[in-house]
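Participant: Residues per chain, in single letters:
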Amino acid sequence: MSIDKVWVLAESAEGVPTSITLELLTRARSMGAVTEAVAWGSGTAGLAGELGNYGATTVYDVGDIGDALPGVPVAGAMAELIVAGNRPDVILVPASYDGRDVAARLSVRLDAPVITNVVDVDSDGDSVSSQHGLFGGAQVATARFTGAHPWIFVVRAKSFTAEASGGAAPQVVAAPAPELGATNGAKVLARHAEERTGPKLDEADVVVSGGRGLGGAEHYAMIEELAKLLHGAAGASRAIVDAGWVPYSHQVGQTGKTVKPTLYVACGISGATQHLVGMKGSKNIIAINKDQDAPIFSVADLGIVGDVHKVLPKLIEALKAHG
Amino acid sequence: MNVVVCVKQIPDPAAPQALDPQTHTLVREGKLIMDDSDAYGVEMGLQLAEAAGGGEVTLVSMAPGGETSGLRTALAMGAAKAILVSDDALKGSDALSTAKVLAKAIARAEPDLVIAATESTDGYTGTTPVQVAELLGFPSVSFAKKVSVGDGRVHVERQTEAGYDEVDCPLPAVVTVTAGVVEPRYPSFKGIMAAKSKPVDQLTVADLGLDAAQVGAAGARQEVTAVTAADERKAGEIVVDEGDGYEHIVRFLEQLKLV
Ligand SMILES: Cc1cc2nc3c(=O)[nH]c(=O)nc-3n(C[C@H](O)[C@H](O)[C@H](O)COP(=O)(O)OP(=O)(O)OC[C@H]3O[C@@H](n4cnc5c(N)ncnc54)[C@H](O)[C@@H]3O)c2cc1C
Ligand SMILES: Nc1ncnc2c1ncn2[C@@H]1O[C@H](COP(=O)(O)O)[C@@H](O)[C@H]1O
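Going down the list, the sequences are from chains A and B.
Everything in the first sequence is counted per numbering that gives the first Met the number 0, starting at 0 for the first residue and increasing by one.
Everything in the second sequence is counted per numbering that gives the first Met the number 0, starting at 0 for the first residue and increasing by one.
Since the hints were derived computationally from the structure, they do not count as laboratory data.
A portion of the hints provided could be inaccurate.
[Stated by the list, open to error] Using 20 Å as the maximum straight-line C-alpha spacing, the simulated SDA-like pairs for lysine to any residue come out as follows:
{"id": "1", "chain 1": "A", "residue 1": "K259", "chain 2": "B", "residue 2": "A229"}
{"id": "2", "chain 1": "B", "residue 1": "K144", "chain 2": "A", "residue 2": "W244"}
{"id": "3", "chain 1": "A", "residue 1": "K282", "chain 2": "B", "residue 2": "V258"}
{"id": "4", "chain 1": "A", "residue 1": "K319", "chain 2": "A", "residue 2": "G197"}
{"id": "5", "chain 1": "A", "residue 1": "K157", "chain 2": "A", "residue 2": "T261"}
{"id": "6", "chain 1": "A", "residue 1": "K186", "chain 2": "B", "residue 2": "E156"}
{"id": "7", "chain 1": "A", "residue 1": "K319", "chain 2": "A", "residue 2": "Y219"}
{"id": "8", "chain 1": "A", "residue 1": "K309", "chain 2": "A", "residue 2": "A320"}
{"id": "9", "chain 1": "B", "residue 1": "K80", "chain 2": "B", "residue 2": "E109"}
{"id": "10", "chain 1": "A", "residue 1": "K157", "chain 2": "A", "residue 2": "D204"}
{"id": "11", "chain 1": "A", "residue 1": "K313", "chain 2": "B", "residue 2": "H247"}
{"id": "12", "chain 1": "A", "residue 1": "K282", "chain 2": "B", "residue 2": "D230"}
{"id": "13", "chain 1": "A", "residue 1": "K157", "chain 2": "B", "residue 2": "Y123"}
{"id": "14", "chain 1": "A", "residue 1": "K186", "chain 2": "B", "residue 2": "E160"}
{"id": "15", "chain 1": "B", "residue 1": "K195", "chain 2": "B", "residue 2": "G64"}
Working from the sequences, and respecting the hints, build out all of it.
Facilitator: Quick look at the structure:
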């Protein structure tokens, strides 16, 4: 069973493909197979050029899904193509909210298993092996499918570096969702975007994150101030997102963003595996924690055993004086 | 209103976790506890059933060895009863096989609402609940951080990359909740005593009318060929703050030319 065709689930935000979409297209291309994308929304025509620029030769356009959540209609449209005989060998899906929904729905429609939390996929033309984290990323499992194609992999952000191929504009093929019935009942009534200033968390060159060690929501201002001084973005552990101190969009880790900045500063964060998996790819890591046995120190290039309430104000002061 | 809450019973995450060296599947032996991630679903289910002025919470779990200790914790919180699927044929199940089992068991409880966690602590595929929804022919809303029910519909605030979406969905439906949606209650002494006599219906794969070839390792149609330790970063310099900790940071930033 050779690997001849790979599909990438192409997500977009504000009219451009998301970074993970471009990362997956880049990897799909390197597998030596025909690379195709599946997109949805009313703006697919506008995205197609960029998808082609990263290697897609065909874009299947599910079209406008109205106020539905993408999982059901997009999986429905993909299953429809596949059942009609247009069968990819591999499907790469971003590990995002909607990506996981699409993969789950599609898996049942095709009765095909899914491998999730993937950080690498490789093909030798016939077989595909993937790597995924175990125990929150402490160990890495190499896995492969033993059943029929298509093989569905849900891949984490920043597993690959996106590189344009300079490919031509792809052909866009309409692939509308079939009749979906009750499963498509969920409707979005309103969308709320949280205000953020400065660089995006997953693109910033410096990320300063705070955890429960800050002691209270009011102290998060120190994290924001330090991030601003370093022209970076402010992040958080899940503990303080759950506690409602900061919006979810700040979360770094297994269920949050994966970041790989030049510098990551962890303040009052213990370093649970689920947090580490989202930031240990950073080039440099500074940790401030009052517990010298905190696991975060095992990944830190510079660890300060100390109280954030003492270290951070002085640091902020010094950086301000620095100009 | 009938609420079903999925409760995964897992080895204590605080204890070292192990893989079977032959099959590379997670070793799930000894006493299992309720996955902390599901405590939020149980609490949410109890609150919604109370708010609906009637109805009850039924727990559904798939676990080896007839394990019920995690279910007893959730029963002690206030759930009325539980369905446990336990069968040697389920060893090595992946998310899809698990979903097939859970969907069959859940259907027996004739739910209006099914609640699960967005992802489990030990497996964290995050796909099982939505697979259950597709198998049951239900709509689903994943990543709920706020949930209310009324007029035969569920209203959800769903996390998104940018913030959150307000989503409305007719029942029956599957909703996955994030940690932090509600504050799980601690079981009371009375609750713990009552839980001992609450019904736990134990079923096998055959009871559910499933084919053993569809589930377990056979249904997973995947294999783990190797497991290695993740690349370790080397720990660097550790400095105890004596009032000058910030100076070390400033020097580090200067080296990186960030200041
Ligand atoms: C399925 C699943 C998914 C998860 N996903 C994520 C995820 O995406 N991201 C994530 O972050 N977590 C995630 N978690 C949670 C994770 O396991 C931890 O619970 C969480 O990261 C802990 O956050 P924390 O470090 O802020 O809090 P804690 O673990 O409570 O650590 C607080 C730290 O602050 C230190 N401290 C206290 N006071 C001070 C002080 N004054 N000065 C300096 N240091 C101080 C303490 O020594 C301690 O090390 C997930 C968990 C599960 C089960
Ligand atoms: N064996 C199981 N028994 C009961 N519920 C489960 C089981 N496996 C998964 N679930 C539910 O599905 C959620 C997501 O699981 P996972 O797909 O493993 O991340 C869990 O948090 C549970 O709510």
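Participant: All the hints need checking, so say for each whether the structure fits it.
Facilitator: The hints, checked one at a time:
1. A:K259 <-> B:A229: holds (16 Å)
2. B:K144 <-> A:W244: Given that 20 Å is the threshold and the Cα spacing comes to 14 Å, the pair holds.
3. A:K282 <-> B:V258: holds (17 Å)
4. A:K319 <-> A:G197: Holds, at roughly 18 Å.
5. A:K157 <-> A:T261: holds (14 Å)
6. A:K186 <-> B:E156: holds (12 Å)
7. A:K319 <-> A:Y219: Holds - the C-alpha atoms of Y219 of chain A and K319 of chain A are around 18 Å apart, at most 20 Å.
8. A:K309 <-> A:A320: holds (17 Å)
9. B:K80 <-> B:E109: Distance of about 13 Å is within 20 Å: holds.
10. A:K157 <-> A:D204: holds (14 Å)
11. A:K313 <-> B:H247: The given pair, whose Cα atoms are some 12 Å apart, holds under the 20 Å limit.
12. A:K282 <-> B:D230: Holds. K282 of chain A to D230 of chain B sits at ~14 Å (cutoff 20 Å).
13. A:K157 <-> B:Y123: Between K157 of chain A and Y123 of chain B the Cα gap is close to 19 Å, so the pair holds against 20 Å.
14. A:K186 <-> B:E160: Given pair K186 of chain A, E160 of chain B holds - Cα atoms ~17 Å apart, limit 20 Å.
15. B:K195 <-> B:G64: Between K195 of chain B and G64 of chain B the Cα gap is close to 18 Å, so the pair holds against 20 Å.
Hint check: no violations occur; every hint is consistent with the structure.
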